[in-house]
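If you read the sequences in order, they're chains B and P. No gaps in the numbering here: position 124 of the first sequence is 124 in the working numbering, and each next residue is one more. Every position in the second sequence, counted from 1, becomes a number in the working numbering once 230 is added.
Misleading hints may appear alongside valid ones.
[Unchecked claim] Calculated lysine to any residue pairs in the SDA-like style (CA-CA distance at most 25 Å, straight line):
| no. | chain 1 | residue 1 | chain 2 | residue 2 |
| --- | --- | --- | --- | --- |
| 1 | P | 245 | B | 103 |
| 2 | P | 300 | P | 494 |
| 3 | P | 590 | B | 116 |
| 4 | B | 137 | P | 242 |
| 5 | P | 590 | B | 74 |
| 6 | P | 544 | P | 279 |
| 7 | P | 590 | B | 68 |
| 8 | P | 590 | B | 103 |
| 9 | B | 143 | P | 607 |
| 10 | B | 143 | P | 335 |
| 11 | B | 143 | P | 671 |
| 12 | B | 143 | P | 593 |
| 13 | P | 590 | B | 89 |
| 14 | P | 590 | B | 102 |
| 15 | P | 544 | P | 530 |
| 16 | P | 245 | B | 119 |
| 17 | B | 143 | B | 166 |
| 18 | P | 590 | P | 239 |
| 19 | P | 590 | B | 27 |
| 20 | P | 590 | B | 204 |
| 21 | P | 245 | B | 120 |
| 22 | P | 245 | B | 68 |
| 23 | B | 228 | B | 204 |
| 24 | P | 590 | B | 228 |
| 25 | P | 410 | P | 386 |
| 26 | B | 228 | B | 36 |
| 27 | P | 245 | B | 89 |
| 28 | B | 143 | P | 578 |
| 29 | P | 590 | B | 50 |
| 30 | P | 245 | P | 530 |
| 31 | P | 590 | B | 137 |
| 32 | B | 143 | P | 255 |
| 33 | P | 544 | P | 291 |
| 34 | B | 143 | P | 576 |
[What the hints assert, rightly or not] If the Cβ cut is set under 7 Å, some of the chain B residues that face chain P in the computed set are:
| no. | residue |
| --- | --- |
| 35 | 16 |
| 36 | 38 |
| 37 | 95 |
| 38 | 132 |
Just so you know, these hints were derived from the structure itself, not from any lab. C-beta atoms are modelled at their ideal positions from N, C-alpha and C, and glycine is treated no differently.
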Amino acid sequence: MTNRCIVRLQDLRKSYQMGPVTVEALRGLSLEVTEGDYVMIMGPSGCGKSTLLNLLGCLDRPTSGQYILGDDDVSQLDDDSLSAIRGTRLGFIFQSYNLIQQLSVVENIEVPLYYQGVPESYSRMLATQIAERVGLKDRLDHKPFELSGGQQQRVAIARALVNDPLIIFADEPTGNLDSSSGNDILAVFDELHQQGKTLIMVTHSDEVSERAKRVIRLRDGQLEHDHKRH
Amino acid sequence: MGVTRLWRTIRLGLKSLWLHRLRSLLTVLGIVFGVCSVIAMLAIGEGASYEAQEQIRSLGSNNIIIRSVKPPDEKKTSSTTTYMVEYGLTYADISRIRATIPNVTVMVPGRVIRTDVWNAKQRVDCEIVGTVPWYPIINNHRVERGRFISELEMQAVSNVCVLGHDMARQLFPIDEPMGKTVRVGSDYYKVIGVMELKSHRAVAGTSNGNGGGDKGSGQTPQASPADSSPATDRMFIPLTAARRRFGEILIKSSSGSRAAERVELHEATVKVDSPEHVVESSLIISELLKRNHKKKDYELVVPLELLRQAERTKRIFSVVLGAIAAISLIVGGIGIMNIMLASVTERTREIGIRRALGAKRRDIVLQFLIETVLLSGVGGVIGVGLGLAIPFFITYFAEMKTIVTFWSPLIAFSISGLVGVIFGIYPALRAADMDPVEALRHE
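Chain P with its partners taken away, still in its complex shape (with noise of 0.2 Å):
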């Protein structure tokens, strides 16, 4: 059969179709709307677990991060007593984990001190990190102007800084942060160098969890980061010279009583030269740190884990929107079926006709076959239509990134096909079934 008696039968159905438009459309919808949600929601669902993994990566892949955990158990002493809690990582623990584990390759240890950080009358809430040297390396966070800190300032501990990308801007709406300097306190730090645009927040912000900070306490200037909401920024200084000048202990004062920490570092992290080293380097560390440490007084991050696990998420994610997907195309397939069997009982006469004028059981068969494929296969380019407008809606409305991958509406309308394939056989063959005679004499 040529391709031409083909599209014949093509525009046969088409016909047959537009006779009903309205029943047609109705028969359609539910192809629609499968097609159109298994679109959309992929298409939220790759943008949701892309902006994870990205952020989850921005940590770096090949990295361990430890950062200081106040315990929970010290909390709970007379409130009106001053006392001293010790807690959290120390330069021992650094220097230990470099002597046990030959793969790590460097190593930032980090302090970090939420206040404010002034120009003339500028102010900017931020996180002032002590760190080393070959932080950018680490991170994967570059400069963006000038230079990082160098290992001279640091042995000199110079007063210099590295501002973030926000906070220079902040600070120095109008002329060039470069030479200047911003005020911590009574300390002046020279800027030095401008960081690239990122945002830590991610995984800062999962781990650090509450928000509601200490915003407005000019009084307090130093303030633990572990229960203060993340700072929209960070400030480098060299960490000698934040040993210096924060010293270990912070003070906190709070109606009556005054509380005081110890802490030498906040944070460090650890690169391992290949990302299959990081699991047994972290197992390592973990155990390294527990026999130091007498409570739990610390947590280990592994950003390589934590997209292993984003990635398990989304094969379920998936999963469960292929099987919601597959339901309701089956749904809308039994809706085309539906109809479909009633338009043959309808045209029973038809058929009749046909078969008398010389129709073969799989003309008839063939023609029905493509009204319920054209139904559906109608319905799946409409739904292509819409599913690929949802997400744009979405993106521009609710300001959520959405992907919709190249293959989504592709294998999303060739299964609207199958349906109709699939569900268009048995009205066929019940259309083709008939008995000739019979089928003239039907009313």
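Here chain B stands alone, though its shape is the one from the complex (with noise of 0.2 Å):
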């Protein structure tokens, strides 16, 4: 492999005050991924996925630890260059899809653009085209709540490639879907894979971890298992 490596965590840790009692989500956490890479986050629950993921994309900083995306070490960066960094690099996807309620379909997919300061002519263009490449030719105007959940998790799809991200973070995508529609979503990002795109997703499902290349279980916020396939 040549890939280069866009991720490097090196003992990465995060902690949480609770009242009086001071909870350790992360507890020294080394992992590197390259591009390219199709990664599944598995572990029960309160194990650290959630907190990983954040860290992951740069929605949280480490209480210790580095973090290195691309050339980058991100770990302390201030609140501004973070949201700089999602809004240019980072792309998500969520369980319950997080769309704009009042916005379009089209307009959904323009956020990350908007926040970047892309003009709005050549933004709307992006995000018919792109639109267009997940299946919602016809659905550009239409609000969140006409669409489907599928056709809601393909907007979020198209929203999370917009801005051509780095890598793309995905959150029990198909948590709230039915296995139909769920696997088509999959596809998708089986597509994505094969386009040569990084894809980082937190899953439950060992159906759907065999999708992917490799496989990191976590246990009480440590590395348990990597485990790649070839």
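Assembly of the complex is requested from the two constituent chains, each provided in isolation within its own frame, with the hints serving as guidance.
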């Protein structure tokens, strides 16, 4: 493999103060992800999956340790810089789609570009192209509540792709979907992987995790198992 | 950040507000009423004070008006006997004032007799004013047609008269009054001029006080102007003629008793050369009259003082209005802030999504601040519209004068915008301070 390493975690720790108790969600996690990887993160609830995803997604800062994204150390950047990184280099797909209700499909897809200051005419064009790619061609002006769950998740995928991110994070993207539309969505992910996108997904389901080349199991905030298939 | 970006944020804000139309409208009502009441109240206040000031100014700002007043204690004499009350200004007072005060330029002594004037069957109840030829200069009251009384007619004690604007029309509804004669009692006066339209009601009315005149009493042609309602109009005759035809004694008979009053002059107007000298001159006159009159049977009216008083009153009025306006706008602002705080909580998830997709804190601040400013701005626009319409309707239906100064909508609107910014900052900061992770987890 000649692919470069785009995520390097070194002894990452995260603790929360919950009243008088300090909860250690991550206790010294080290991990590397290379470009084009398709990584599943699994583990029982409370093992630190969500915390890890939040840290990887630059939504939160680690208590200690190092996180190198691309070539930059992002572990202790300020809020504005983290926002900029989220907007330009990362894409998010959530379990509950998280679309903005008052915006139409195409406007939802445009949101990341809006915060980068991309001119409206260009961002509209780009969003339309990507919506067509995920099969939403004739739903562009619909509002989220007019769409099915599977369609809403497609909008979310399109939104995650619009800024051509370095990594796409997905937090149980099929958790709210029936198996058939879930499989459709997973097919889209497979396709993205084949196109060379880097995907990191959190899931509970073994069935889902089988699709990925690499499965990481967490337990008690530590890496339990890192299994790579070829 | 460019203008297009701002414009997109504004459009986004409008979209969010439009999503909750009724809520937005109700939120904005506070600002609407605040702004519209400020404009309407200022317009009414401005109109009222303008009228008052015009009336005062019409008396002449360089003038001091001295009027005879019946002293109150003279009234309680036995009701059956005939007696004579002597009061008021005298010709001696006039010459004293003229001799003492150097700044006095002109004086118009006047006698005022309340009576009926006839032209054939047409009758008008009016005040006949015996005065001097320079009356028009002093009172800013010009002759519309013909001319005023001349010096010659003054000396010759001629029976000529100048009619007031309204009474000329009442006495001569069809024909031209000039050169005709009118009858007062048994005397006939030749009309030599008609005055322009002007109301004396303002100050004459306030100083004379009580209403209810002697309109129907044809048998008592002479009555003191001090205790009758202000006449609709004035007719001017030479002072000398007034003195000769009407004398100085007024006889009033009522229910078996006869009362007589002797008044030399009913009023005099003193014109001072410049406004700076008005106050000191009025003090000198007051002193002079005090020394020569046993009782206070006169009053001094200084229009300039009244004008200043009116201005002071107006200033107080403006301060009170400003306070009311400020309070109502603050109340409106609090209403907006309340709704925006609720909206921020309600849209926590949206804030989280936007933050995850790259929105910086200041993007969120801007988004919510713009929504608040839009709310208060729209409220301001509606308020200005209503505020401009209300004075119009008041003028139209209540026939009150209203003046909308051009800065009052401007100020009201900018204050409403300012309220939006001030009361929008806190909810916007609260929205921006949310932790993205927490916000995304929010249900």
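Going down the list of hints, with the structure as the test:
no. : hint             : verdict
1   : P/245 with B/103 : holds, 9 Å
2   : P/300 with P/494 : holds, 12 Å
3   : P/590 with B/116 : holds, 10 Å
4   : B/137 with P/242 : holds, 23 Å
5   : P/590 with B/74  : holds, 16 Å
6   : P/544 with P/279 : holds, 7 Å
7   : P/590 with B/68  : holds, 21 Å
8   : P/590 with B/103 : holds, 19 Å
9   : B/143 with P/607 : violated, 28 Å
10  : B/143 with P/335 : violated, 85 Å
11  : B/143 with P/671 : holds, 22 Å
12  : B/143 with P/593 : holds, 23 Å
13  : P/590 with B/89  : holds, 15 Å
14  : P/590 with B/102 : holds, 20 Å
15  : P/544 with P/530 : holds, 23 Å
16  : P/245 with B/119 : holds, 19 Å
17  : B/143 with B/166 : violated, 28 Å
18  : P/590 with P/239 : holds, 14 Å
19  : P/590 with B/27  : violated, 29 Å
20  : P/590 with B/204 : violated, 32 Å
21  : P/245 with B/120 : holds, 16 Å
22  : P/245 with B/68  : violated, 39 Å
23  : B/228 with B/204 : holds, 18 Å
24  : P/590 with B/228 : violated, 37 Å
25  : P/410 with P/386 : holds, 20 Å
26  : B/228 with B/36  : holds, 13 Å
27  : P/245 with B/89  : violated, 29 Å
28  : B/143 with P/578 : holds, 19 Å
29  : P/590 with B/50  : holds, 22 Å
30  : P/245 with P/530 : violated, 67 Å
31  : P/590 with B/137 : violated, 31 Å
32  : B/143 with P/255 : holds, 24 Å
33  : P/544 with P/291 : holds, 18 Å
34  : B/143 with P/576 : holds, 19 Å
35  : 16               : violated, 10 Å
36  : 38               : violated, 21 Å
37  : 95               : violated, 11 Å
38  : 132              : violated, 21 Å
In summary, the structure is inconsistent with hints 9, 10, 17, 19, 20, 22, 24, 27, 30, 31, 35, 36, 37, 38 from the numbered list given earlier, while agreeing with the others.
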